[in-house]
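J.: Spelled out from the first residue to the last, the chains are:
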Amino acid sequence: MAQWEAVIGLEIHVQLATQSKIFSAASTAFGAEPNTQACAVDLGLPGVLPVLNYEAVRMAVMFGLAVNAAVSQRCVFARKNYFYPDLPKGYQISQYELPIVARGQLEIALGDGSYKVIGITRAHLEEDAGKSLHEEFADSTGIDLNRAGTPLIEIVSEPDMRSAKEAVSYMKKIHSFVRYLGISDGNMQEGSFRCDANVSIRPAGQKELGTRTETKNLNSFRFVERAIDFEIARQIDVLEDGNEVVQETRLYDAVQDETRPMRSKEEADDYRYFPDPDLLPVVIRPEMLEEIKQQLPELPGEKALRFTQEYGLNAQDAENLVLSKEAAEYFEQTARNTNAEAKRVANWVTGELNAALNQDDLEIASSPVSSSMLAKLLNRIEDGTISGKIAKDIFRSMWAGEGDVDSIIESKGLRQITDTLEIETLVNQVVRENPAQVEQFKSGKDKVFGFFVGQVMKITGGKANPQQVNRLLREKLK
Amino acid sequence: MVMEELSVQQLADGLDSGQFSSVELVRHFLHRMQAHRHLNAFISELHDRAVMQAGHADRQIRERKHGPLTGVPLAHKDIFCMSGERTSCGSKMLDNFIAPYHATVVQKLEQAGCVVLGKTNMDEFAMGSSSENSYYGPVRNPWNAECVPGGSSGGSAAAVAARLVPLATGTDTGGSIRQPAAFCGVTGLKPTYGRISRYGMVAYASSLDQAGPFGKSAQDCAYLLQAMAGFDEKDSTSVDAPVPAYLAELNRPLQGKVVGIPDEYFSTGLGSEVRTIIARAIDWAEEQGCIIKDISLPNTELAIPAYYVIATAECSSNLSRYDGVRFGHRCEDPKDLHDLYHRSRSEGFGTEVKRRIMIGTYALSTGYYDAYYLKAQQVRRLISADFNAAFQDVDFILGPTAPETAFRIGEKTDDPVTMYLSDIYTISINLAGLPAISIPCGIHEGLPVGMQLIGNYFAEDKLLNFAHQYQLATDWHQQCPPGFQQKRQGC
Amino acid sequence: MPVSLEEILKISHLARLHVDPEEAGQYAADLSSILAWVQQMNKVDTRGVDPMAHPLDACQRLREDKVTESDQREKFQAIAPRTENGLYLVPKVIE
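Protein chains in written order, with the working numbering: chain U, 1 to 478; chain C, 1001 to 1491; chain V, 2001 to 2095.
Derived from the structure by calculation, the hints contain no laboratory data.
Every value quoted in this text rests on a predicted model; they were computed, and no experiment measured them.
There's no promise every hint is true.
[To be verified] Reference listing, derived: stretches of chain C covered by chain U, where coverage requires no fewer than 3 residues with Cβ under 8 Å from a Cβ of chain U:
id, region
1, 1001–1013
2, 1098–1104
3, 1232–1239
[Claimed, not checked] Quick list of in silico lysine-lysine cross-link-like pairs, DSS-like style, CA-CA up to 30 Å:
id, chain 1, residue 1, chain 2, residue 2
4, V, Lys2092, C, Lys1335
5, U, Lys389, U, Lys343
6, C, Lys1257, U, Lys131
7, C, Lys1092, V, Lys2043
8, U, Lys216, C, Lys1092
Cβ atoms here follow ideal geometry from the backbone N, Cα and C, with glycine treated the same way.
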């Protein structure tokens, strides 16, 4: 059996967070009644003309700068001609020969501490299509054109990825970039961030690429991973059966967890691109570029570096934190408001907080435990009021909306026992009640020490200061 | 007083002084339109709307809140969207299309107080040179009903020539204002590309389409152009440059102006009578003190092929929106999406439109793009460069508008290439985006001859100035086709 | 180079125009003669000539990002061939 290698490239479509559409003054807000946000231009009525939105250009340029790409001084809109009911004009205004962003690159972490550079072929501006609703009517498809004309950047990667995991981390990185830049809400359920995956297979070591398939409209990281894994396995099966992979467009069916050929795309496409005569070349002058450069926020890489320097975090912790702009901000706010060391703050954000968010499927912005609440909680550990273990219980109580850290400590009596006399009394009691274990310890079984600690903690409901318990027990058993 | 013979200036004066009201004026022209329906110059007559608008104009005049065009009747080519009215573009595809918005041109003229009497007939989607390709039947030339009025703005040209309206709008993609103006003996101006907004004008070939005025005279055209021209933020290709006061420029002397005569416009294919008539116009210019200079526009003969690639490519894409989904013709009981598209479009479009969509689709398709579309764009550059070079040395370029006078209805319908050749002198101006005007300058065998005067970019004022001076000295523009004069009435 | 019937069918499909077999022949003849005539362009050498997409050498103006359009669905759908519940309807599409 040959060793197979998968070759993956992604085309990521990012809806830009403009107020109005790329070529019209209709709203881009999500969720309106069908066709109430489709104006004459979006409907492609006879005689209407497009006028380009500055914000869309600015956002695309910002993306280009962020991925160290060449931002074109002059870019051109072209028409991509094809018929589809949710494409009102019979062409999509896109870019072809001269896109706004040319060659760039992005580094992804592979999870084993190593990194890989993924090439970005180009990123171009284009308009989104409307939506076809196939389920609403028995024998008709309904067309909602509210989405038509929403600005998109399509980010095309080089075929540099070799596994679904790599593809997902590349996609996550792009996602974090557009969120950092504030150029997209990145909402995948609403289709603001979606991708097409090009997958092909070749024998390991072979230079030429195999025949690829394109799986369209993947709108979650999980679907991207599943769809690519499915495609890789399917194509290997096809090849190992001695057949050939057919170049085609496929759809991922999340219910069946499989990809299948897209019926409406059976014929070979001939998009007949040509420069859109309704739009003039877009010229991005050096002043404009400079102005946008000034607006660039701190990006994940820079932030991670700063976190290691300013907060003394290790690289791995910093990387994890900056993956989400909101998580990084949450971390920083917490760290600024607590006496606890940054490493502990980082562990809480990536550990307890993250787990709780995932469990309840919440965004960090809607976390019931705010950064100031977490900061206070950590302060109570720091000042010895509570132990780390108790703090986790309190965190869960705060998560459940039972109040802030101090009121929970009071109402549940969770204050740590630090009174040496009180602990000494308990230590004496435990030693007295367990003579057999004392014998064992004295005969050299050090492990039994843990038993005594456990007994003291059990009696105090975990509230005894562990360091003091340790110290007093050692003295007692000496 | 013969109302239909009055100039726009006389109409404005008459309205202003209360000599007649806009309602009277409008009723007069509406009667003429009805009396000459055999010309088929109109697709829609807007009787009620016009009378209402005229009443409104009269109030404005009484309240002294009017401008020079308040209450003046005009017709729009049925390519301009007019809110609440059918905008058919001469096509079955849009026969049921009631525009839900105003084109910028319509808006501006409404604001200027013009009263719209109707929407004029035209070649379907402006594709044609004879106004025969209309779903509503061919337009007839007022000078000879057996002849075409030219196209595609044939309805507008015929309506002005027959004195059914004093003014009309048109559009010109390859000669669609100038050639019908020449065939019908009226004055028609194609401005610089970008001078007038294209918003709301149904697109044929976006990089060539340009709206412009028809009138009996250059002075009338100056009035209309003044109201049509100007920057529009809804059209990315409209030019943000000040609009000169055209009327103020009409009376400059022509002394010392250099008039270029392109060799290529007087070679093969030009009718000898037309040649003689144009030669007389050149003599006139010389008498005015113009310097006549022979020039060359060497790539002229490549203009038509380049045009037919570029225009059809753009049209094949522009007309994709007619799919039977959101507006326009939809076939009965489509059995699936394929059927909906194919039948709606095939039923809705006429022969010439389909032919051009096919050519354009072919020219853009994989494997042919470079040989056709790209090549045509390069040829376009060469043609434009020819003009740029010429305008280094001359103020105007003068020649015939068309190689011959109006041809007979049906004469060229079977041979597209021969039909295309009737635009030989006008097409290259659209490719370059320059302004040009057609001015009546003679009559041959009962049919008008037009001369074309081409100017440099945004030199509309200079073209109108030249034309006006010519019209002060000649009366070709005052010739009314036989059968359309009214019996003289006392004033 | 004559245009084949096969090409006519391909082009007519791209353009979503129905072409009967008998029409296809006419189209092939028409397009062949028009395209042959168009090839006069090859008389001139255009190597290195910058293609001209626009008559004016200008650049795109950029619009301020402001919503000024409001809902006009009723007006727009009044001219639509088929709508229901605010949606435009087409025969069922199977993806």
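J.: Decide, hint by hint, whether the structure agrees.
T.: Tested hints:
1. 1001–1013: violated (count 0)
2. 1098–1104: Result for this restraint: holds, n = 4.
3. 1232–1239: holds (count 5)
4. Lys2092/V / Lys1335/C: Judged against 30 Å, a Cα distance of about 9 Å means the pair holds.
5. Lys389/U / Lys343/U: Holds. Lys389/U to Lys343/U sits at ~17 Å (cutoff 30 Å).
6. Lys1257/C / Lys131/U: 60 Å, violated
7. Lys1092/C / Lys2043/V: Measuring from Cα to Cα gives roughly 39 Å; hence the hint is violated.
8. Lys216/U / Lys1092/C: Not satisfied, since the Cα-Cα distance of roughly 38 Å exceeds 30 Å.
This entry does not satisfy hints 1, 6, 7 and 8, going by the numbered hints stated previously.
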